[in-house]
Amino acid sequence: MSRYLIRRVLTMIVTLFMIALLTFCLMHIVPGSPFTSQKQMSQAVLDALNAKYNLDDPLWKQFFDYMRGVLHFDFGPSYKYTGKTVNDFIESGLPYSARLGLVTLCFVLLTSIPMGIVAALRNGKWQDMLLMFLATFGVTIPSFVIATGLLYIFSFKLGWTPVYGVDTWKGYILPMIAMGGYSISFLARLMRSSLLEVMGQDYIRTARAKGISEVRVIWKHALRNALIPVITVLGPTIANLLTGSFVIEKIFAIPGMGGYFVNSVTQRDYTTIMGMTIFYATVLIAMIFLVDLFYCLIDPRIKYE
Amino acid sequence: MKKTLSVILALAMVFSLAAVSAGADGVQEITYSLFSQPDGIDPGITNNSFASDILANVFEGLMTYDTETGSLICGEAESYTVSDDGLTYTFTLRDGLKWSDGSAHTAADYVYAIKRILDPATGAQYVDLVSTYIAGAAEYYAGETDDFGTVGIKAIDDRTLEITLYNPTAYFADILTMWTFDPVQEATVAANGDKWTASPATYISNGPFYVTDMKLGESITLEKNPYYYDADKVQLDKVTFRYITDNATALLAYEAGEIDGMNQVPASDYARLKANDEGFVLTPSYGTTYWDFNCAAEPFDNVLVRKAFNLAIDRYTLINDVLQMDAEPAYSFIAPGYVVDGVDYTDDRSTFGLSDEADVEAAQEALAEAGYPNGEGFPEVTLYYYASDTVALVAQALANMLETNLNIKVKIDNADWAVYYADVLAGNYQLGAMGWSADYLHPMTFLPLAVTGDANNVAFWSNEEYDALVQKVQLSTDPSEAIEYIKAADELVGENYVFLNLYYKNGTSLMHPYVQGYYINASQMMYLKTAFVSK
Numbered sequence: 001m002s003r004y005l006i007r008r009v010l011t012m013i014v015t016l017f018m019i020a021l022l023t024f025c026l027m028h029i030v031p032g033s034p035f036t037s038q039k040q041m042s043q044a045v046l047d048a049l050n051a052k053y054n055l056d057d058p059l060w061k062q063f064f065d066y067m068r069g070v071l072h073f074d075f076g077p078s079y080k081y082t083g084k085t086v087n088d089f090i091e092s093g094l095p096y097s098a099r100l101g102l103v104t105l106c107f108v109l110l111t112s113i114p115m116g117i118v119a120a121l122r123n124g125k126w127q128d129m130l131l132m133f134l135a136t137f138g139v140t141i142p143s144f145v146i147a148t149g150l151l152y153i154f155s156f157k158l159g160w161t162p163v164y165g166v167d168t169w170k171g172y173i174l175p176m177i178a179m180g181g182y183s184i185s186f187l188a189r190l191m192r193s194s195l196l197e198v199m200g201q202d203y204i205r206t207a208r209a210k211g212i213s214e215v216r217v218i219w220k221h222a223l224r225n226a227l228i229p230v231i232t233v234l235g236p237t238i239a240n241l242l243t244g245s246f247v248i249e250k251i252f253a254i255p256g257m258g259g260y261f262v263n264s265v266t267q268r269d270y271t272t273i274m275g276m277t278i279f280y281a282t283v284l285i286a287m288i289f290l291v292d293l294f295y296c297l298i299d300p301r302i303k304y305e
Numbered sequence: 306m307k308k309t310l311s312v313i314l315a316l317a318m319v320f321s322l323a324a325v326s327a328g329a330d331g332v333q334e335i336t337y338s339l340f341s342q343p344d345g346i347d348p349g350i351t352n353n354s355f356a357s358d359i360l361a362n363v364f365e366g367l368m369t370y371d372t373e374t375g376s377l378i379c380g381e382a383e384s385y386t387v388s389d390d391g392l393t394y395t396f397t398l399r400d401g402l403k404w405s406d407g408s409a410h411t412a413a414d415y416v417y418a419i420k421r422i423l424d425p426a427t428g429a430q431y432v433d434l435v436s437t438y439i440a441g442a443a444e445y446y447a448g449e450t451d452d453f454g455t456v457g458i459k460a461i462d463d464r465t466l467e468i469t470l471y472n473p474t475a476y477f478a479d480i481l482t483m484w485t486f487d488p489v490q491e492a493t494v495a496a497n498g499d500k501w502t503a504s505p506a507t508y509i510s511n512g513p514f515y516v517t518d519m520k521l522g523e524s525i526t527l528e529k530n531p532y533y534y535d536a537d538k539v540q541l542d543k544v545t546f547r548y549i550t551d552n553a554t555a556l557l558a559y560e561a562g563e564i565d566g567m568n569q570v571p572a573s574d575y576a577r578l579k580a581n582d583e584g585f586v587l588t589p590s591y592g593t594t595y596w597d598f599n600c601a602a603e604p605f606d607n608v609l610v611r612k613a614f615n616l617a618i619d620r621y622t623l624i625n626d627v628l629q630m631d632a633e634p635a636y637s638f639i640a641p642g643y644v645v646d647g648v649d650y651t652d653d654r655s656t657f658g659l660s661d662e663a664d665v666e667a668a669q670e671a672l673a674e675a676g677y678p679n680g681e682g683f684p685e686v687t688l689y690y691y692a693s694d695t696v697a698l699v700a701q702a703l704a705n706m707l708e709t710n711l712n713i714k715v716k717i718d719n720a721d722w723a724v725y726y727a728d729v730l731a732g733n734y735q736l737g738a739m740g741w742s743a744d745y746l747h748p749m750t751f752l753p754l755a756v757t758g759d760a761n762n763v764a765f766w767s768n769e770e771y772d773a774l775v776q777k778v779q780l781s782t783d784p785s786e787a788i789e790y791i792k793a794a795d796e797l798v799g800e801n802y803v804f805l806n807l808y809y810k811n812g813t814s815l816m817h818p819y820v821q822g823y824y825i826n827a828s829q830m831m832y833l834k835t836a837f838v839s840k
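Chains as they are written, first to last, in my numbering: chain Y, 1 to 305; chain H, 306 to 840.
This is chain Y alone, in the form it adopts within the complex (with noise of 0.2 Å):
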């Protein structure tokens, strides 16, 4: 075990030092710079920026300087915002993005997975339609639209929630259901998916055979080989949701990172894009390997060497 989690960390490292690489490279390759703006600098006030924030250097020394900051947790300072820092940026979005994140993940949760055994067991029956139609719906209709259409009717017209900001509990509420939506529908349909699999397993039929009652078959011996795809695609599902969502965030002015990962790259903010490239990609690793951990723990079956 203490081999394997020796040779996972140190995938992991060589995976974000390429992702790292391949996003410098790309942005760098991208014409404009960070000091494009509304109206044309002179030659002079370029050059001089540029020799304030190191920016002709050659590219591989720009790139080692970065990396050796990214070592002490230090993405560097904005190009594009003066005084601030990518740091500020992931400190004061983190915890808005991260708590929505939770908020909706917990939503997500106790609404998918119950949705997807009821369609499982009730399989062809109304329930099922009436489930799967709904997580059809949540599929194909964008969260943007989702968002725009909640909000018009329960902030504007209702009044029962802010229409933008998440000042109160209440403000919560909409951004959660539109971000939610998709990763419900998607989560439900492979619940029931899965769970049906399992259930026309032999082991299954031994179970029954043996007069252990339905409830038990299912909670006991069903759900737990069943949950297995469902958690295999959790891990992108919690990163995605932590670091917030561009559309999601913007709709409801929610001032989280979401936003970040978007405006940095049209604004050519090279910092910002490498660290906010960076931290989701160490979140989404690290997710991944915790699923993987997670695994032993449900499959007695899986074991790493």
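I should point out that these hints are in silico values taken from the structure, not numbers from a laboratory. It is possible that some hints are incorrect.
Pairs of lysine-lysine residues, derived as PhoX-like cross-links and limited to a Cα-Cα distance of at most 25 Å, are as follows [stated by the list, open to error]:
id, chain 1, residue 1, chain 2, residue 2
1, H, 420, Y, 80
2, Y, 157, H, 840
3, H, 579, H, 840
4, H, 500, Y, 80
Now the in silico label distances, taken between C-beta atoms and shown as ranges [what the hints assert, rightly or not]:
id, chain 1, residue 1, chain 2, residue 2, range
5, H, 572, Y, 26, 28 to 36 Å
6, H, 695, Y, 141, 23 to 31 Å
7, H, 695, Y, 140, 26 to 34 Å
8, H, 789, Y, 56, 18 to 26 Å
9, Y, 102, H, 572, 33 to 41 Å
10, Y, 17, H, 465, 56 to 64 Å
11, H, 452, Y, 286, 54 to 62 Å
12, Y, 298, H, 693, 45 to 53 Å
13, H, 839, Y, 145, 33 to 41 Å
All values derive from a computational prediction rather than experimental measurement. For each residue, glycine too, the CB sits at the ideal point set by N, CA and C.
Dock chain H against chain Y, hints included.
Relative to chain Y, chain H alone:
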């Protein structure tokens, strides 16, 4: 049934009471939504227009605007004199000026602010505003001398500031309203570096308000500055600028009464709001929306082709049907609005044969004269623009008009701003969407757009006579004389059809009518010094 109804009525009353009490009588606070977070609020560094509403209210320079009439008045300066040769400005500062932390603020702070901008390590983005005008500034910035004494700004004593210019510049006092010239406190900048703008405790300012709270990506809160020299006139106790980057959300918040105003009206709601909303505010804006011809390359190196394109555009349809906005059709690149001796020189200027409708016959005639009768042999042109919903509409309409009226082939293409602008700067385009908003209220802000070799001359047009005229404008000491040169320069660009001018912009914003006494200038900066809530 009756019971349900009364419950609903009671609930409705509760809600409507709640809505009223949100801004109860006497509470002088407003929340205003900004479309984007500024990239910085350091007056010496930023050139970002999103910073303007914040900087206009927390800082004040030597000159400012009267919030009632909009005319140029003294700010922290009590008065000033100009030497006979027009080169030396001597400002007397008001007595007892203070920073928002209560410490004394003197003429030396102005000198420090300029010195800081002229240090390349500061990374000031608007350095050209200083280095173009103040004597010795360009040489100092370029590192030709280490002696700041050679730069034409000196604090004679605590209340006297002397600024010497390279050339007599009749509009220099207008330029001083720009935040770049605002003083900054040396103590806090020296102690905190770039970080001085990052927290309310170190963000010391001198304007009607000062910053008491900042939340990254969320909001910035201003409160009345008790040390401001004119604090008696300031009525608002608190102003919250909330960044709501989705303007459909901001509009819902505005209409639901959760915010008091916002600074960008969504294009799709423009017509409805203009007709029905009492808070719809239209402000003249000193700016022009146009397309650049790449005059350095075929086919637009030919003035007749440029003329044909200008004639083939139906500006009326573009403004009223395609964009459905309030704007004035433009035939010239300098926007109207600059008044000398009560007269706006643009009132009677030429339209260069253009009108708000397309003149198809004249357009085809010009194209034929250029060697392309009925569009034959004319290369396919690409209308290139930066990704934006409004500009996309314009591009499609223009393509349609040009294809129909000139019988030529037109493609459209777009890219995000950074890619687009890099292409345009490199001359790698044919016709490119552009716009210009004035930095200060003087036609001079437009003139560099056509000066040979200017960084912003992306039309790559070059004309010696024009360059000489612009130089004369800069050298002139007499505003009326300067106007004559500006007129001639404007005329020259017009007859050469250097730009495909479309319209002069108007600024639009929303502010509930109970907020009064604020002033939005033609650069779309909102001054809240005398604003108040009246309910």
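Quick rundown of the hints versus the structure:
With a C-alpha separation of about 23 Å, the suggested pairing of residue 420 of chain H with residue 80 of chain Y holds against the 25 Å cut-off. For the suggested pair residue 157 of chain Y and residue 840 of chain H, the alpha carbons sit about 24 Å apart, so the restraint of at most 25 Å is met. Straight-line distance between C-alpha atoms of residue 579 of chain H and residue 840 of chain H comes to about 22 Å, which keeps the hinted pair within the 25 Å bound. Proximity of residue 500 of chain H to residue 80 of chain Y is assessed by CA-CA distance (about 14 Å); at most 25 Å being required, the pair is judged to hold.
Here the CB-CB span from residue 572 of chain H to residue 26 of chain Y is close to 33 Å, well matched to the stated 28 to 36 Å. Distance hint for residue 695 of chain H and residue 141 of chain Y: a CB-CB separation of about 27 Å, consistent with the stated range 23 to 31 Å. In this structure, residue 695 of chain H and residue 140 of chain Y meet the distance hint of 26 to 34 Å, their C-beta atoms being roughly 30 Å apart. Between residue 789 of chain H and residue 56 of chain Y the beta carbons are some 45 Å apart, a value that contradicts the proposed interval 18 to 26 Å.
Checked against the given bound of 33 to 41 Å, the beta carbons of residue 102 of chain Y and residue 572 of chain H, roughly 37 Å apart, stay inside it. Here the CB-CB span from residue 17 of chain Y to residue 465 of chain H is close to 60 Å, well matched to the stated 56 to 64 Å. About 56 Å separates the C-beta atoms of residue 452 of chain H and residue 286 of chain Y, a value consistent with the hinted range of 54 to 62 Å. The beta-carbon spacing between residue 298 of chain Y and residue 693 of chain H, approximately 50 Å, falls within the hinted interval of 45 to 53 Å.
As the Cβ distance of residue 839 of chain H to residue 145 of chain Y is approximately 40 Å, the hint placing it in 33 to 41 Å holds.
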